[in-house]
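Now for the letters of each chain:
There are 2 protein chains.
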Amino acid sequence: MAEASVKPTPLLKDELDIVIPTIRNLDFLEMWRPFFEQYHLIIVQDGDPSKTIKVPEGFDYELYNRNDINRILGPKASCISFKDSACRCFGYMVSKKKYIFTIDDDCFVAKDPSNKDINALEQHIKNLLSPATPHFFNTLYDPYREGADFVRGYPFSLREGVSTAVSHGLWLNIPDYDAPTQLVKPRERNSRYVDAVLTIPKGTLFPMCGMNLAFNRELIGPAMYFGLMGDGQPIGRYDDMWAGWCVKVICDHLGWGVKTGLPYIWHSKASNPFVNLKKEYKGIFWQEDLIPFFQSVVLPKDCTTVQKCYVELSKLVKEKLGPIDPYFVKLSESMVTWIEAWDELNPGGPAQK
Amino acid sequence: MAEASVKPTPLLKDELDIVIPTIRNLDFLEMWRPFFEQYHLIIVQDGDPSKTIKVPEGFDYELYNRNDINRILGPKASCISFKDSACRCFGYMVSKKKYIFTIDDDCFVAKDPSNKDINALEQHIKNLLSPATPHFFNTLYDPYREGADFVRGYPFSLREGVSTAVSHGLWLNIPDYDAPTQLVKPRERNSRYVDAVLTIPKGTLFPMCGMNLAFNRELIGPAMYFGLMGDGQPIGRYDDMWAGWCVKVICDHLGWGVKTGLPYIWHSKASNPFVNLKKEYKGIFWQEDLIPFFQSVVLPKDCTTVQKCYVELSKLVKEKLGPIDPYFVKLSESMVTWIEAWDELNPGGPAQK
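As you go down the protein sequences, you meet chains D and L in turn. So in the working numbering, spot 152 of the first sequence is number 152, and the numbers just go up one at a time. So in the working numbering, spot 239 of the second sequence is number 239, and the numbers just go up one at a time.
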């Protein structure tokens, strides 16, 4: 259909930071150069601070290693994971921008079905700048997309939508599987390009993957804590999941939307399933209690900021999950430390509902 | 990926009926002949019973007009709409099969992106025979589809899924828009083929369109009542929506799943938006109360069959929606009549939770 005018997507060059955990792969930035060069990068190094990360010329970046995190946060640095890509959330905290895009260094530029390079960042921005529809399902997917709309039977009072807090992108090639599924299906590749963006309905939890993720930091940033993983912790590979469950519960409470679907990136290599199994196996058990817990969370009405919601959630974590394992008591304390550190570095005050 | 063996989809020739409201278009059956000829058709004529519908040779069918409905149901025929395609639900009631596929006569065979004819019925059968996942969202869509699975972070205890009660298919070309949207966007066409099937999460309502719809009649049939529309009724074009809201609430209560997405059909022509506006305008107002009503429905635990759920729902309709308009009192009474008629024609007894 001939639309009268389709506005180009604003690129938000001054309003978005790209946060990347350790870059072990120099091809990574070269491949993304046409799309990333105009943005500011925040690189958070997850391992040995004495190792240096080489960033190719032409990129505008700041790099934080463990020594920097310790220096900036002091004792509160305990809330940031060590030797795990979960440390990336430190980058969310030190950013001063409204939006964050975070991506793993094994994620490359994917191609759409017409063989054109996908500008993942542009699609995330589209997703974040258009409203979300968590209160009723639209069968033609994102109603704000060109060529689409709300279908018959969609209540008119809900068509304004709500603010979008999170845009969760997907992966071609290596799917984001857990260790057991990796072991069972070592050769499975995702080759299905699903041309859709949709809002995850209110009240529904989802597995948020941190590989290809964007969010409105001003809205939901303080809840994007990737928890305690890696060195000295009993689990790994649940950092983004944990953040996703917390974020979804808080978005539902505050009336914001979470979208999933486009854009795709090309996930180049599967991590080692044996190593993953070791990291995951406690999480696989605990998760059976975590999901019912998050499904049952009801936040009080006076929790009108993300910070208040998050501190309230930390209390519930201690009370309801603490009995499962002392880890959750430590995690709940870290959640509070994270908020204190966030507020210290972001003194402007929280976004109100 | 090379799967060891992919089972062909069973075609359920003896277990599925195709229900079609009045066929005004002879091309319709010719176009579908390769896909429908092996099935039994139930045609429910919505208008003047003296008019005859010509069915091309080679089809196995039964045809019901208003006189047949009156003869079979006696006074209970009052629950079946007249001069409206909502009368199709009579076909669901007289069928003796486990599955139903219903389609409008302006829906033709669509083509997939590789220009191959889409066998809509086969895809519906795939959807109905594989489980649904209403309790947690899978970001790679239908986890049971070839080449897909549950992603990292999906609780293992939920991977068995639940029985699928409904498969809601979509439309290329003319989207299913309400009259206001048709008026505002007369030239909009749906050309986006989204290669996905997904479960609508528990607790989320959706606009169920009756144009291209399949369901497990043994599970959810008694809730597939298309209400009172057409001649003598104050609204139209809410028949499938009404059924969808009732069905979804009952599926959520009984633990069954509802899927939407593939298959697409080609919706050939838009109905007249001015006529549609006249039919819809009360519905557009009422809907603003209907959605909160259905969102708030809680069915008692002892409602363990669809019939019990539906009768309970009819009471709530009378109590909560009756004050809006006397139409809802009449509708609630028709809901009870429908169940009585259903049980009379289907004496085997209801499916248990």
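Hints in this document: simulated from the structure, not taken from any laboratory. Just so you know, even glycine gets a beta-carbon here, dropped at the ideal spot from N, CA and C. It is possible that some hints are incorrect.
Claimed, not checked - Straight-line C-alpha distance at most 30 Å; calculated DSBU-like pairs for lysine-lysine: (1) D:Lys116 x L:Lys111; (2) L:Lys116 x D:Lys111; (3) D:Lys54 x D:Lys7.
Claimed, not checked - Residues of chain D placed beyond 12 Å of chain L at every Cβ, according to the derived structure: (4) Leu26; (5) Ile72; (6) Ala77; (7) Ile118; (8) Tyr193; (9) Leu198; (10) Arg237.
Verification of the hints:
no.	hint	result
1	D:Lys116 x L:Lys111	23 Å, holds
2	L:Lys116 x D:Lys111	23 Å, holds
3	D:Lys54 x D:Lys7	38 Å, violated
4	Leu26	27 Å, holds
5	Ile72	30 Å, holds
6	Ala77	27 Å, holds
7	Ile118	16 Å, holds
8	Tyr193	7 Å, violated
9	Leu198	8 Å, violated
10	Arg237	7 Å, violated
Of the numbered hints given earlier, the model fails hints 3, 8, 9, 10; all others are met.
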